[in-house]
Each structure stands twice: as structure tokens, then as C-alpha cells.
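Engineer: Sequence:
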Amino acid sequence: MAFQIITDSASDIPESVITKYNLYVMPTPVTIEGTDYFDGKTIFPEEFYEIQASGKDIKTYHINQYMFHEHFLPYAKSGDEVLYICFSTGIAGTFNAANLAYDEVKEEYPDFKLTIIDSRCASVGYGLVVTKLLQMQKNGAPKELIIEAAHFFCEHMEHAVTVMQLDYLFKGGRLSRTSFLAGTVLDIKPIIIVDENGSLSAVEKVRGWKKAQKRILDMVGEKGKNLENQMVAVVYGKDRESADFVEEQLRERYHVKDILESQIGCAIGAHTGPGIVAVTFLNDTNEKYDAYLD
22 MAFQIITDSA SDIPESVITK YNLYVMPTPV TIEGTDYFDG KTIFPEEFYE
72 IQASGKDIKT YHINQYMFHE HFLPYAKSGD EVLYICFSTG IAGTFNAANL
122 AYDEVKEEYP DFKLTIIDSR CASVGYGLVV TKLLQMQKNG APKELIIEAA
172 HFFCEHMEHA VTVMQLDYLF KGGRLSRTSF LAGTVLDIKP IIIVDENGSL
222 SAVEKVRGWK KAQKRILDMV GEKGKNLENQ MVAVVYGKDR ESADFVEEQL
272 RERYHVKDIL ESQIGCAIGA HTGPGIVAVT FLNDTNEKYD AYLD
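Take the sequence shown: its letter number 280 is residue 301 in my numbering, and every next letter is one higher.
Quick caveat, the hints were computed from the structure, so don't treat them as lab data.
No experiment lies behind these values; they were computed from the predicted model shown.
Think of the CB as a built atom: it goes at the ideal place given N, C-alpha and C, for glycine as much as any other residue.
Be careful, since some hints might not be right.
Label-pair distances were calculated between CB atoms; the ranges are [as the list claims (entries may be wrong)]:
1) Arg274 with Asp311: 13 to 23 Å
2) Pro131 with His172: 24 to 34 Å
3) Asp57 with Ser220: 35 to 45 Å
Start from the sequences, fold in the hints, and give me the full structure.
Structural biologist: Put into C-alpha cells, the structure is as follows:
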């Protein structure tokens with residue numbers, strides 16, 4: 022019997038982490054022109070953003086109960102215990118579907134142990150949580166401490182996000198027509214966070230793409246703690262230049278040594294478009310967890 026940490030592809034966890042820790046990532050479904058694809062399995066970011074630019078109809082839906090059942094069943098059969106860090110309930114119904122599937126699997130395998138944690142995070146926000154937990158496990162942290170740390174990291178994860186194009190937020194119903202039109206004319210970029218309920222919240226407006234990047238960097242300094250000693254994540258869509266700028270500034274301004282870089286996948290990119298850059302980081306740290314982090 023093993024203790025397994027798993028997640029889903031909306032975590033935008035980079036391939037380097039997946040490979041290093043042999044991490045199981047459940048793919049999130051994406052529907053393009055009526056056909057289902059699976060993020061990170063049958064469709065990948067570069068191809069996806071080309072399709073998106075062509076104007077094809079794209080929809081997403083969370084991993085459903087049946088899919089979760091199929092993902093959980095092999096662990097139940099092998100007698101493994103599982104910790105699953107999932108997408109925020111403030112954004113999608115992933116947590117509820119996973120719990121329904123767990124109840125179903127337990128009817129057949131009553132000894133199956135699965136801990137499902139609502140991360141109240143998005144994208145690499147919980148991808149960073151998973152990466153930290155995997156590091157702890159590799160360095161010998163006991164199961165109970167890993168689960169405790171998972172709650173701590175999720176509760177203290179901050180997101181500072183901005184997007185270049187407003188079209189996708191407008192199409193997804195996250196921006197009013199008035200705000201979309203005015204923002205486009207005035208070159209307004211929203212500054213978005215994930216609030217205490219795990220929901221996306223636009224908290225500021227900035228004129229210009231470069232100023233928006235600088236603003237999210239300011240937020241890192243305002244909210245982050247012990248930045249020079251924690252892993253910070255940077256995620257982007259297609260604008261690699263902006264990601265490079267943000268990473269350079271994190272090193273210069275806050276002496277961040279360990280940066281987890283990732284690319285926004287299809288599940289998130291469908292709603293933000295390719296022009297997105299974000300930083301995720303902790304607003305508090307704890308020495309008893311840090312002792313197991315590289």
C-alpha cells in the first residue's frame with residue numbers, strides 16, 4: 022500500500038514536475054466544435070491556442086462523477102491511500118463530483134481512503150501546492166504532516182493575475198459589455214485575485230499591459246512573506262516575454278531563488294485567452310513544513 026498524491030490538469034502543473042515525481046494528473050475535458058478533448062492528454066497548449074485564435078467554438082466542463090470513478094478505481098483496487106488536491110469550488114464543481122465518485126467507489130471498496138481537498142486555488146496556485154507536497158514526500162515527511170501542510174498551503178496561497186485581452190472574459194460572462202467596450206478603448210487591464218471563497222475577483226484596473234505586470238509584481242511584495250526562501254510560481258499563456266520579465270523582477274526585487282514556471286493549459290486558457298500572466302505565492306510560511314522542502 023502506498024500514499025499517492027494526485028491532481029488534475031487545471032492545476033497547470035509543469036511537465037518537469039509530473040515527470041520528476043511520476044505524478045498522476047487527471048485530464049480536464051475541453052469541447053471544441055462539439056468534440057471532447059482532454060487537456061494534457063489529447064490536446065496541448067500550443068495546438069489549443071492556435072485553434073482558439075481561429076475562432077472555433079470552445080467550451081469546458083469539470084471532470085464529472087463517472088470520470089472520477091474511473092480515475093479513483095485503480096487506487097482502490099491496489100489498496101493505495103490517495104490525497105487529491107482539486108480545483109476551487111468557487112470556480113468549478115470538481116470537488117462535489119469527486120466526493121460523489123469516492124462514495125461510489127467505497128461501496129465496492131469500503132477500505133479505500135481518499136482525502137479530497139478543495140484548494141480554493143486556480144491554475145498553478147494549486148499546482149504549486151502539489152509541487153510542495155511532492156517535495157515533502159520525497160524528503161521523508163510523514164503522511165499526516167503532508168495532509169496538514171496541504172491545508173496550510175491552500176489557505177495561504179495568493180494569486181496575482183492579469184490578462185491582455187478582455188474578449189475571453191467577456192465571452193465567458195465574467196465581464197459586462199460596458200466594461201469590455203470601455204476597457205478595450207482605454208487599454209484597461211484587470212488585476213484579478215482568487216478571494217477567500219476561492220472565487221475569481223477583479224480588484225483593480227490598470228491602463229496598459231506593462232503597468233499591469235508591474236502591478237501584480239507589487240502585489241507579491243505587499244502580500245508575500247519570506248519570498249527569498251519560498252518557491253514562487255509564474256504561469257503564462259503564449260506571452261513568454263512577459264513571463265520572463267516577471268521572473269526577472271521577482272529575482273531582482275524580492276530575491277526569489279526558486280521559480281516554478283508553467284504554461285496555462287486548455288482548461289484555464291479557454292476562459293482567459295493566450296494573453297495572461299500570473300504569480301502565485303504564499304502569504305505565510307511555517308518552519309515545520311519548510312524543513313522538508315528543497
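Engineer: May I ask you to test the hint 13 to 23 Å on the CB atoms belonging to Arg274 and Asp311?
Structural biologist: holds (22 Å)
Engineer: Quick one: are Asp57 and Ser220 within 35 to 45 Å, going by C-beta?
Structural biologist: violated (26 Å)
Engineer: Just tell me: holds or violated, for the beta carbon distance of Pro131 and His172 against 24 to 34 Å?
Structural biologist: The hint (24 to 34 Å, Cβ to Cβ) holds, given that Pro131 and His172 are roughly 25 Å apart.
When the structure is compared with the earlier hints, a violation turns up for hint 3 alone.
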